[in-house]
Amino acid sequence: MRRTHGPPHCQNRPARRPPVLGLHRLPRLQRRRPAMSTPPTPPPTITAALVSVGGSPAPVLHVLRQHRPAHVWYFCSAGSRANADDIQRQLDWHPAPRFLEVERFEELGPCYRELRRKLPDILAETKVPPAEVLVDYTGGTKTMSAALVLAAAELFQQFSYIGGEQREKGGLGIVLDGKERALYQGNPWTELAIREVERARDLWAGCQFETAARLLRQVAPRVPLRLRFEALATLADALAARHRLDFAEATRRLREAIGRIRPIFEANPAATPLPLAEKALQICERCSAPNASPTLLRELLDNALRTAAQGRYEDAAARLYRAKEMQAQLWLADATGGLFTNGRCKPENTAQLPDALKALPFCQPDARGEIKLSLEQSFLALNALGHEPARAIAADIALGVKS
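Each residue of the sequence shown is one higher than the one before, starting from 13 at the first, in our numbering.
Label-pair restraints from in silico Cβ distances: (1) Trp201 with Pro302: 48 to 58 Å; (2) Glu400 with Pro377: 23 to 33 Å; (3) Pro302 with Lys370: 21 to 31 Å; (4) Ile206 with Lys384: 52 to 62 Å; (5) Gly350 with Pro373: 15 to 25 Å; (6) Asp214 with Arg128: 17 to 27 Å; (7) Arg274 with Ser68: 53 to 63 Å.
Computed list of lysine-lysine pairs in DSBU-like fashion (alpha-carbon distance at most 35 Å, straight line): (8) Lys384 with Lys358; (9) Lys370 with Lys384; (10) Lys154 with Lys130.
Worth flagging that the hints you see were computed from the coordinates, not collected in a lab.
All C-beta atoms, glycine included, are put in the ideal place defined by N, C-alpha and C.
Using the sequences plus the hints, can you model the full thing?
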């Protein structure tokens, strides 16, 4: 099988990664992160409280008495378990307790693993909605607090920390009893959509643009950068249309995306995907033309690489076949001075064809006076005209070899 012929720009090139439509990665969604807001009022509904327990019961009692949850889940060590029991006895509404006791309370890994192991079971048994759980990480060792936040961020949305303006040791110690103040905070993973952004980046890199667009739209209403997420979702829609070779839809969507992107990134031009979107628009506009063109040929070849990278090998092969056919049509159009277009010669042009083509049995007008050539016939016609790049392919065709 010969491998030396084909489109000129594909010969003698090293292997390369499939291009991702001019956008090799998802544009940064969080370059300018807004300051995390602290809600001025406590969460409206608290059914359960997950609290870390240390040496001082006052902060835990403060947050529990404020919300009077029906369930209290104490995260404690063997040394602070007695304090957790004492806190439970002081609560006059008798909430249902659970004790998550960890032995290696100064090691982050064991604390985190214990929480991840037990919390899903507690949620399933108590049937408490995760949105109605308040996580207070004031008490316990610093390691326990860190592990609690890490594990709870995967499940819950509301966090609290008991601070205060008056502390022991000249303001560096614990908050004085009776001077506590609860600070309520949302889950930063949710507010910044950390997981969703990482997932969208993976989808973008894999050319899964439709799924990336859906994900970005789902996240947009609950993040500070809503307009940016929505604009990039529109851009993903456009790239999805381009990837499926729907250039008319891609052109429409790209124009919409550019209109949204321009004002959003105006203050931060270094991060804007606008130049790349504008370049994609130029390509899609050219590819929307009715006749084959070098731009469309290159787009087909790039699309075949991306499609193969997705594991869609049959679709990639179909694109390669069409690209090879288009290359023959472009060569034939050039060799005949435009008498052939897209592998066809109109009735009014047949008389002007070179004698070398008129002599070919397959290059004769049909009942409507038009000449239509298949892939192989196009290469054979080029060979008859002395077209050097087509000579090797014509030789393979004569031998019955698939090039």
